[in-house]
Amino acid sequence: MARRLRIITGIAAVVLIAGAAAGLALAWRPSIAAIAPPRPDAFDPDIIKRGRDLAAIGSCNTCHTVPGGGNYAGGLPVPTPFGTVFSSNITPDAATGIGSWPEAAFVRAMRSGVSRDGRHLYPTFPYDHFTNVSDADDRALYAFLMTRQPVSATPPANQLTFPLNHRPLIAGWKLLYFHGGDVPSDAAKGAQWNRGAYLVEGLAHCGACHTPRNALGAERVNAQFAGGEVDNWHAYALNDTSHAPVRWTADALYAYLRHGWQADHGTARGPMAEVVDNLSSVPDSDVRAIALYMADISGTSPSNGKSPADAVAQSSTAQTDPAGAAIYAAACASCHESNRPLPYGGVNLALSTAVTSPDPRNLVNIVLAGVGGVAGERSPIMPGFAASIDDAQMVALLKYLRARFGKRPAWNDLDRTVRDARAAQAVSLAARDAPGESSQRGKP
Amino acid sequence: MITLKVNGRDQQVDADPDTPLLYVLRNDLELNAAKFGCGLGQCGSCTVIVDGKAVLSCVTPLLLVEGKQVTTLEGLGSVAAPAPIQRAFMEEQAAQCGYCIAGMMMRAQALLMRNPKPTDAQIRAELEPNLCRCGTHMRILRAVHRAARLMDSADAASDRSVR
Numbered sequence: 004m005a006r007r008l009r010i011i012t013g014i015a016a017v018v019l020i021a022g023a024a025a026g027l028a029l030a031w032r033p034s035i036a037a038i039a040p041p042r043p044d045a046f047d048p049d050i051i052k053r054g055r056d057l058a059a060i061g062s063c064n065t066c067h068t069v070p071g072g073g074n075y076a077g078g079l080p081v082p083t084p085f086g087t088v089f090s091s092n093i094t095p096d097a098a099t100g101i102g103s104w105p106e107a108a109f110v111r112a113m114r115s116g117v118s119r120d121g122r123h124l125y126p127t128f129p130y131d132h133f134t135n136v137s138d139a140d141d142r143a144l145y146a147f148l149m150t151r152q153p154v155s156a157t158p159p160a161n162q163l164t165f166p167l168n169h170r171p172l173i174a175g176w177k178l179l180y181f182h183g184g185d186v187p188s189d190a191a192k193g194a195q196w197n198r199g200a201y202l203v204e205g206l207a208h209c210g211a212c213h214t215p216r217n218a219l220g221a222e223r224v225n226a227q228f229a230g231g232e233v234d235n236w237h238a239y240a241l242n243d244t245s246h247a248p249v250r251w252t253a254d255a256l257y258a259y260l261r262h263g264w265q266a267d268h269g270t271a272r273g274p275m276a277e278v279v280d281n282l283s284s285v286p287d288s289d290v291r292a293i294a295l296y297m298a299d300i301s302g303t304s305p306s307n308g309k310s311p312a313d314a315v316a317q318s319s320t321a322q323t324d325p326a327g328a329a330i331y332a333a334a335c336a337s338c339h340e341s342n343r344p345l346p347y348g349g350v351n352l353a354l355s356t357a358v359t360s361p362d363p364r365n366l367v368n369i370v371l372a373g374v375g376g377v378a379g380e381r382s383p384i385m386p387g388f389a390a391s392i393d394d395a396q397m398v399a400l401l402k403y404l405r406a407r408f409g410k411r412p413a414w415n416d417l418d419r420t421v422r423d424a425r426a427a428q429a430v431s432l433a434a435r436d437a438p439g440e441s442s443q444r445g446k447p
Numbered sequence: 002m003i004t005l006k007v008n009g010r011d012q013q014v015d016a017d018p019d020t021p022l023l024y025v026l027r028n029d030l031e032l033n034a035a036k037f038g039c040g041l042g043q044c045g046s047c048t049v050i051v052d053g054k055a056v057l058s059c060v061t062p063l064l065l066v067e068g069k070q071v072t073t074l075e076g077l078g079s080v081a082a083p084a085p086i087q088r089a090f091m092e093e094q095a096a097q098c099g100y101c102i103a104g105m106m107m108r109a110q111a112l113l114m115r116n117p118k119p120t121d122a123q124i125r126a127e128l129e130p131n132l133c134r135c136g137t138h139m140r141i142l143r144a145v146h147r148a149a150r151l152m153d154s155a156d157a158a159s160d161r162s163v164r
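Protein chains in written order, with the numbering used here: chain A, 4 to 447; chain B, 2 to 164.
Think of the hints as simulated: they come from the structure by calculation, not from any bench. All values derive from a computational prediction rather than experimental measurement. C-beta: ideal position from N, C-alpha, C; glycine also. Any given hint might turn out to be false.
Computed spacing ranges between beta-carbons, pair by pair [claimed, not checked]: (1) B:D11 / A:A316: 40 to 46 Å; (2) B:D121 / A:A312: 50 to 56 Å; (3) B:T120 / A:T157: 20 to 26 Å; (4) A:P70 / B:M139: 21 to 27 Å; (5) A:G193 / B:D52: 29 to 35 Å; (6) B:R134 / A:A316: 42 to 48 Å; (7) A:F85 / B:E129: 33 to 39 Å; (8) A:P48 / B:R134: 39 to 45 Å; (9) B:G9 / A:T164: 49 to 55 Å; (10) A:T323 / B:K69: 20 to 26 Å; (11) B:E129 / A:S283: 20 to 26 Å.
Hey, can you work out the whole structure from these sequences and the hints?
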């Protein structure tokens, strides 16, 4: 008996040691020798320009630039279910940025999520998508970043719960969820579709927000584009489970991504506003390609086969909440039922995915904060009502909009949704009130 | 009839519930400090304070403010006894044409009630929704700092509350 126990203990020990050794072998990545920062004139201006457009498509600035902070100097807190990760400084500063990174180290980070010194990077950096970016595009991005203004800035230390603060564990995460080379390719669909697939699944990393994540924070492969979340906003489903009242066509998506609004759908806001802001300056053909591919992904869902006119006409017969109806009539209808087309009138709410979505947070956020104008452009505007509408009025309004325009079952727990949205806004207000902060974020 | 609480007093107003608060303040109650600028909630000249928060009265229907405390510039002080924010704007000569100034003062007042010692950056961020075409921005900034100091001094402390 004792001998058998010794054998079992022995086997267990061998397995453990072997497992640990295998784990270490997997976790270990070599350091790549540091270099002196390359001179900006070492790069071809055409390649730098291409890198700039790619950086806009990848929205690098939305995570790597803090509003009011140095461009690409990092330090943005990214909340995750496991704690807060702070974005890195990706300016060419040698001491605190990536100035000492040779091109090979940058390409390796994009391809496999490993830092120059060999440490694994947290998948908050979406290398599960960036692994699909071509070497040529990675080199263009490198040329762009290495010719930016170096900024000396060390981001705050990550605040992650034990044991996730141990980077070797990321190797295990990669083993489970990190699989490269998943860009669909189909010669029959044409070059534009394939270009769209390459951008959407790679650098643009649309799924990072629009695909739901599992308990370990990985995108669920069997629910691609089924809707996810970011910064207290719901990123809408883009596949055939979309709740858009009117089907998204490639032309509509193109207009929306290019200009930030589209007459049959409404306005990009929240985190998507920054994405379309970046896309407004990249080559037209790439926005067309993204739109074509996404329209194909979205297919046709039973809920959105209607024309815009049908969607609007069918909105008026549903049951309504009288208190909410009065608030809508007094505060919303003069713009949203003005029959003035976007951007001068508000979108008819029968066309709004915010109202048909199963998640009410976007509608709550937009009523509270409104839509800011884009400097120097004709763009939709809406005043925020956070200061003038109270929680009870807000809940009544939401119930009414959902029944009359959404024609969907009532949302649950609206009181808490409204309280949470106000609290989140108070946090961002406090951040804005921090000394030296400006609300503007640098552009690529 | 709708009952509004304006500058500490109950006011009976005969108006539709979708009437903008600004119209009632100016036309019915003859409180003309708040101005009609853009009518779209984009310029800030109509700013008043509702339950301690700066509100754009041109896009706020009466229905939303029923039963809430509305404060206009007239409620802060008078020509004979100006409130600290009004004294500060006069002492810094912060008005040129003056059209935006009532709104500027109301939003600054709401900030100072929340944050008695704002930094320059905080004042700039807070007043961002309010536009001024004359260009007295630097004087406005100085005036808000001065108001913070005036409110901080003991003799002005009693003036800080909004009626």
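Verification of the supplied hints:
no.	hint	verdict
1	B:D11 / A:A316: 40 to 46 Å	holds, 44 Å
2	B:D121 / A:A312: 50 to 56 Å	holds, 52 Å
3	B:T120 / A:T157: 20 to 26 Å	holds, 24 Å
4	A:P70 / B:M139: 21 to 27 Å	holds, 23 Å
5	A:G193 / B:D52: 29 to 35 Å	violated, 58 Å
6	B:R134 / A:A316: 42 to 48 Å	holds, 43 Å
7	A:F85 / B:E129: 33 to 39 Å	holds, 35 Å
8	A:P48 / B:R134: 39 to 45 Å	holds, 41 Å
9	B:G9 / A:T164: 49 to 55 Å	holds, 51 Å
10	A:T323 / B:K69: 20 to 26 Å	holds, 25 Å
11	B:E129 / A:S283: 20 to 26 Å	holds, 22 Å
Violated hint: 5 only; the structure is consistent with all others.
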